[in-house]
Structures are given as structure tokens and as C-alpha cells.
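Let the hints inform the model, and build the full structure from the sequences given.
There are 2 protein chains.
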Amino acid sequence: MSDTLTISIDAMGGDNAPEAIVDGVSRAALRNPDVFFLLFGDEKQLEALTAKYQLAADRFKIHPTTQVVKGDDKPSVAVRSGRESSMWKAIMSVRSGYAHAVVSAGNTGALMAMSKICLGTLSGIDRPAIAAVLPSLQGPVVALDLGANAECNSQNLVEFAIMGHVLYRVLFQVEKPSIGLLNIGSEETKGRDEIREASTVLKGFGDKINFKGFVEGNDIGHGAVHVFVTDGFSGNVALKTIEGTAKFITSSLKEAVRSSIVSKIGFLLATPALRQLKKKMDPRIYNGAMFLGLNGISVKSHGGADAFSFSYAVESAIHMTRNHLCDKIKEELRTVMDVTDILSEELHKQ
Amino acid sequence: MSDTLTISIDAMGGDNAPEAIVDGVSRAALRNPDVFFLLFGDEKQLEALTAKYQLAADRFKIHPTTQVVKGDDKPSVAVRSGRESSMWKAIMSVRSGYAHAVVSAGNTGALMAMSKICLGTLSGIDRPAIAAVLPSLQGPVVALDLGANAECNSQNLVEFAIMGHVLYRVLFQVEKPSIGLLNIGSEETKGRDEIREASTVLKGFGDKINFKGFVEGNDIGHGAVHVFVTDGFSGNVALKTIEGTAKFITSSLKEAVRSSIVSKIGFLLATPALRQLKKKMDPRIYNGAMFLGLNGISVKSHGGADAFSFSYAVESAIHMTRNHLCDKIKEELRTVMDVTDILSEELHKQ
Numbered sequence: 034m035s036d037t038l039t040i041s042i043d044a045m046g047g048d049n050a051p052e053a054i055v056d057g058v059s060r061a062a063l064r065n066p067d068v069f070f071l072l073f074g075d076e077k078q079l080e081a082l083t084a085k086y087q088l089a090a091d092r093f094k095i096h097p098t099t100q101v102v103k104g105d106d107k108p109s110v111a112v113r114s115g116r117e118s119s120m121w122k123a124i125m126s127v128r129s130g131y132a133h134a135v136v137s138a139g140n141t142g143a144l145m146a147m148s149k150i151c152l153g154t155l156s157g158i159d160r161p162a163i164a165a166v167l168p169s170l171q172g173p174v175v176a177l178d179l180g181a182n183a184e185c186n187s188q189n190l191v192e193f194a195i196m197g198h199v200l201y202r203v204l205f206q207v208e209k210p211s212i213g214l215l216n217i218g219s220e221e222t223k224g225r226d227e228i229r230e231a232s233t234v235l236k237g238f239g240d241k242i243n244f245k246g247f248v249e250g251n252d253i254g255h256g257a258v259h260v261f262v263t264d265g266f267s268g269n270v271a272l273k274t275i276e277g278t279a280k281f282i283t284s285s286l287k288e289a290v291r292s293s294i295v296s297k298i299g300f301l302l303a304t305p306a307l308r309q310l311k312k313k314m315d316p317r318i319y320n321g322a323m324f325l326g327l328n329g330i331s332v333k334s335h336g337g338a339d340a341f342s343f344s345y346a347v348e349s350a351i352h353m354t355r356n357h358l359c360d361k362i363k364e365e366l367r368t369v370m371d372v373t374d375i376l377s378e379e380l381h382k383q
Numbered sequence: 034m035s036d037t038l039t040i041s042i043d044a045m046g047g048d049n050a051p052e053a054i055v056d057g058v059s060r061a062a063l064r065n066p067d068v069f070f071l072l073f074g075d076e077k078q079l080e081a082l083t084a085k086y087q088l089a090a091d092r093f094k095i096h097p098t099t100q101v102v103k104g105d106d107k108p109s110v111a112v113r114s115g116r117e118s119s120m121w122k123a124i125m126s127v128r129s130g131y132a133h134a135v136v137s138a139g140n141t142g143a144l145m146a147m148s149k150i151c152l153g154t155l156s157g158i159d160r161p162a163i164a165a166v167l168p169s170l171q172g173p174v175v176a177l178d179l180g181a182n183a184e185c186n187s188q189n190l191v192e193f194a195i196m197g198h199v200l201y202r203v204l205f206q207v208e209k210p211s212i213g214l215l216n217i218g219s220e221e222t223k224g225r226d227e228i229r230e231a232s233t234v235l236k237g238f239g240d241k242i243n244f245k246g247f248v249e250g251n252d253i254g255h256g257a258v259h260v261f262v263t264d265g266f267s268g269n270v271a272l273k274t275i276e277g278t279a280k281f282i283t284s285s286l287k288e289a290v291r292s293s294i295v296s297k298i299g300f301l302l303a304t305p306a307l308r309q310l311k312k313k314m315d316p317r318i319y320n321g322a323m324f325l326g327l328n329g330i331s332v333k334s335h336g337g338a339d340a341f342s343f344s345y346a347v348e349s350a351i352h353m354t355r356n357h358l359c360d361k362i363k364e365e366l367r368t369v370m371d372v373t374d375i376l377s378e379e380l381h382k383q
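Residue numbers (the working numbering), protein chains in the order written: chain A, 34 to 383; chain B, 34 to 383.
Be aware that one or more of the hints could be misleading.
In this list, chains with the same sequence are indistinguishable; a pair is considered to hold if it fits within one copy or across any two.
Straight-line C-alpha distance at most 20 Å; calculated DMTMM-like pairs for lysine to aspartate or glutamate [claimed, not checked]:
no.	residue 1	residue 2
1	K280	D315
2	K311	E288
3	K297	D240
4	K107	E227
5	K287	D315
6	K236	D226
7	K245	D105
8	K245	E227
9	K107	D226
10	K77	E52
Quick caveat, the hints were computed from the structure, so don't treat them as lab data.
What follows is the structure, given as C-alpha cells:
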């Protein structure tokens, strides 16, 4: 692998592929002149689109593929019969050492299943998780798992907490990010068994991590902790509920403004301030969910991402690569895993 | 029981009890001249507060109690040793026929446990659920369970769907409200076993109900269906995430406005429109979670409710009583339960 950073792109995945994907890559390429792209997908379409979006010839290489993983394909089916797909080939290029990371806006389940098979999971990790950065009143927070594991045991939750801890450190240079376990009440007696068990284990880490105990759904917007840990079902519900609520409020706001001429003028005056706010809260700049716990970097863009949004998923992969996220998770896992093993044994003795 | 509607109030439950409770009752009393209130709690405090908030002497009766269920009491402990509490006594007054409904801002778990014991569950219902009305782009929606049952099987989810269907009909006069099962993807293969099983059963009802299949977190804000059905863990996470996101956005908006004089003037002009919007979306008017599946009406106010907000939880109890919600759920259950039984048997044969 050369010194240049190389990112593989599944150019056929997502609602707006391949056009928004190539357009997005082209935008990310302008912002990151030292990155080279491998584009996997339909050769003819990609040739036309790279020309249309003026992606310089020395910045990319097209790898023609003939198959596309569909949005409603079962992950197991995709894995078995999708070996010629743009998604599989893009991930394999990371495994083979041709690229540092892969980005896809395609089927989440298939991407996770293929990434697990191709890249393998880190030693000490039972199940990889999907993490994302979200805005909050206190600045960015990290949440995981957001949908990879609909059901989790306490050990999975503990592993998510450690991976979230490392991710936050790498992304935001905070020495000991605070960690909370999502529950339906902050009292010790609330919630499910696996959450209470995970809490006991995490407390046992002492000052190796900054575990704050249980948090609730409203704490995400408040930014009560840096890292929110939960199972993939609740995490996915929370993530999508944030999306729906934000849309509901902004749509209602727009409607309210249109209700009178005076309020329209008022909003016109406030436009610069609102534009700033919109920019800060634009969900598109938070695009790029990270698969943690793999032996390689695999980033999932929102399926409905436009070019602007997809370019941020690419940025996310670049940032993770530049900061050696996988190596850092491996390191941290080594130092804390001894503690986990001891604690798990203790817990199972009880 | 006289013809007047009588509502029992646990005046000692909640962060701002008893003052906000009595103030709230007084506000609800003004809006509902035909309702009589039984106030359970510390006699001296309630005498002083009813005087302070000018609750007319012929509109209430104080029932002195000596014990208070605390916010962090375990429900099992509260049930065993809280028989002299304002909460228990208030619920018992409904069971004894002295009141039509009870409202409390106290410990949710204790209120549910005590309500179950005192009022009993409806025949055919395995587990009562907590339901609430939420605003959406398409108007009000109902969501349940919001925290009574951290874990649910498919049968519980089916019962929640039926109760939600009846609640929506009663509250909003829609003949066949649309029902969705909260999941982490709309495809058939997604999510947990119990959710897929519940979906099969609900489809078996045919046109008796208007079941739309799986929905996701973002569909709540969109108002994609009238009734959102989920387990108490995810429901609670979703509810609190909505709360946190709304606070995050409105706080960020306020901050943005303060950033310049021009934008301040702009917002001043838009104030009437914004005030309208604020009124429409004020979470306080949606206060009052309903315990469904009980042989009686028990309403849970937000623990942190102020007087204005608590008065809406009282309204909610009044509305449910006036519309004979319990009887209507019983009726509907009778007509659909036969179908459920048949379907469950079918499902278990498979």
C-alpha cells in the first residue's frame, strides 16, 4: 500500500446511487487532496459520472462490478450470493490491503455481515457495533449500537462501552470521555437484567474509564455524557426518533413562519442566525455510521444520503484512518480486557 | 357514586408536590365545573394550599394520609409497606367506588404496581401498558407501551395494539385508526422474533383493525400511523428522546437568536407566530400517561410537572372517564379476543 490514503467506495449502494455517490466522492476529493479513491460499480455509469463531476483522472480508479446488493436483500443471502457485488468487492479491497477503508450507502445488514466476514472482528470483541456522532447541547456525543445487534447481552454492552470510549478519545481528544448506559430510569433497580449486569462490570473498571451509570433518552439531546451505550434495537429507535422529531419541529416552524407577512419579515431578518444554526445541526454533516470492532474500517452512509451528505461519510472514513482508530481500539482492548475477564468471572460466580 | 364526576388526586407525588398538584387541580377545577376532587395527602399542607389556590370548598375533600411513596422506592416495597400512602389510598378510592379515576405524579413503577393490585387487570389482558398522546406532523398520535414492561412477548404487543386502537378511537373519534409496530426497519426480516410474531397475529385480524405493519422511530414525528406499538423499553427511550431532542433544538434556536441584534428584532416580529407554535407543541398539554388494561382509570403525570402541566393530566383522566374508556376497551377486547385466541393457537402450532 502506498503512502497515499486510499478509500474504497461501493458506488452502487444507496437510494441515490451511483450519481450522488460519485458527486459526493468528488466533493470529498476536493477537500482531501492526498486521498485516492477506488470506485466499485457499473463501469459505463461510473466513467460518465466521474467525467460529469470532474473527478481528476489521477485521483481514482474504477473497478467494474456486475452485481448490486439490494436494500431489501437478507444479509445472509447477500453474503452467499453477492460475491460479485460492488459492496463485497469494495470491502475485499480493504482486506487485500489495496485500500485503508470502505464506504457504502447500501443495505446496512449486508454491509455489516460482509464486513465481518471479510475483515474479521477484533480479538476480544464478540459482536461489532454501529456507532455514530450526534449533536447535543454540550457538543458532539457518540452513540452505539445503532442497529447491528437487535439483542445484546451484558458482555456485548461492556464491549460497546469500551469501543465507544476509544472512539470518542480518537475523534475528540478527550482523555476520559464519560460513558452512560441507556436505561428507562436512573435508579439502580430499573431496566433489564443485562443492563444492570453491564453496569456492575463497568463500575468494576474503576478509574480506567469514566462510567457515569444509567442515562435516559432525554440525556442524548442534553449531552449528559460523551458516550451513550445501548443495544441495537433501542439505539436504532433513538437515532430515528431524533431524526423524526427534528423534522417535525423544523417543518412546524416553517409552517408557523408562513402564517403571516410580519413573521415572514421577522424570519428574513433572522436568516443569517438561522442559517448558522442550520449548518451546525445539519444531519448531513453527521452522516457516516462507523462499524466498530472490526479488523478494518467500514463506514455506512445513510441510504438516502445526497452528494453533500455522502461526502461527510467519506470524511468520516478518512478521519478514522488517519487517526489509526482500529489500532487504538486494539490497544485499549488489551489493557482493559484483563479487567473484563476478571470481572466477568466474578459476575458469573455470583 | 353521585352523578358528579369525582377524581382522586395523589397530592404528595411528584417533584413539585404538593404545591404544584393543588395549584394544578385548582386550574382543572375552573375548566371543569362539574368535577369533584378527593385530595390525598398531608392535611395541614393541603388545607393551606387549597386556600392559597382558591379551590372552592364545595369542590374538594381532603383525605389525610401519613405516608409518601418516594421516587426511588422499589415498586414491590411500596406495595408491601405503602398502604398508608397518599398514592395507595387515592387508588383504593377508585376501587371502592368513591371516585372515577386517580391521578398521580409520583413513582411510575409503584403507581402501576398499586393500580394493578387495587384495580385489577381487564380479563384478556396479560400486562397493562402505559400510553400517551404525542404531537406529530399529521396531528396527535398514541404510543404504547412507554415503560410499564421492559420486556414483552408477542402476545403483549398484540394486546397493546388492540388497546391503542380503542384509545385512539375514544380520544379522537377515528373509526379505524392505523396501527404500526415499532421496529428497526420496515422489511419483514428485520427486528426481534416477538415483533415479527406479533405482526403475523395482527395481520390475521384482517379488516377488524387497520394494521400497517412495521414502522420506525422517525415515523413518530411524521405521524405515519395513529398508534405506535412497542415494548416498554424502546417506548420509554423514544418518548424521552423526543423530549431531549425538542429541548436541544429549542435551546439552540434561542441561542442563535441572541447572536445578533438584527436577528433579535426579526424574532420579535415573528413572536406571535412562534407563540402559536409553542402553544401547539407545548409538551405540558400532552401530560398524562394513561395506564391501559386496568379495571379503572389511573393516570400518571410527569414527575416534574408544574401546575399548568398537572392540570392537563387531570383533564386526561376526566376525558377518559367521560368517554367510558374502560368499558369500551372491554367491549373491543371481547370482539377481537376470539380472533386473538385462534391466531395465537395457530401461531404456537407452527
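Results for each hint:
no.: 1; hint: K280 with D315; verdict: both (11 Å within a copy, 17 Å between copies)
no.: 2; hint: K311 with E288; verdict: both (17 Å within a copy, 12 Å between copies)
no.: 3; hint: K297 with D240; verdict: neither (53 Å within a copy, 46 Å between copies)
no.: 4; hint: K107 with E227; verdict: between (28 Å within a copy, 19 Å between copies)
no.: 5; hint: K287 with D315; verdict: both (16 Å within a copy, 17 Å between copies)
no.: 6; hint: K236 with D226; verdict: within (16 Å within a copy, 32 Å between copies)
no.: 7; hint: K245 with D105; verdict: between (39 Å within a copy, 18 Å between copies)
no.: 8; hint: K245 with E227; verdict: within (17 Å within a copy, 32 Å between copies)
no.: 9; hint: K107 with D226; verdict: between (30 Å within a copy, 15 Å between copies)
no.: 10; hint: K77 with E52; verdict: within (12 Å within a copy, 73 Å between copies)
When the structure is compared with the earlier hints, a violation turns up for hint 3 alone.
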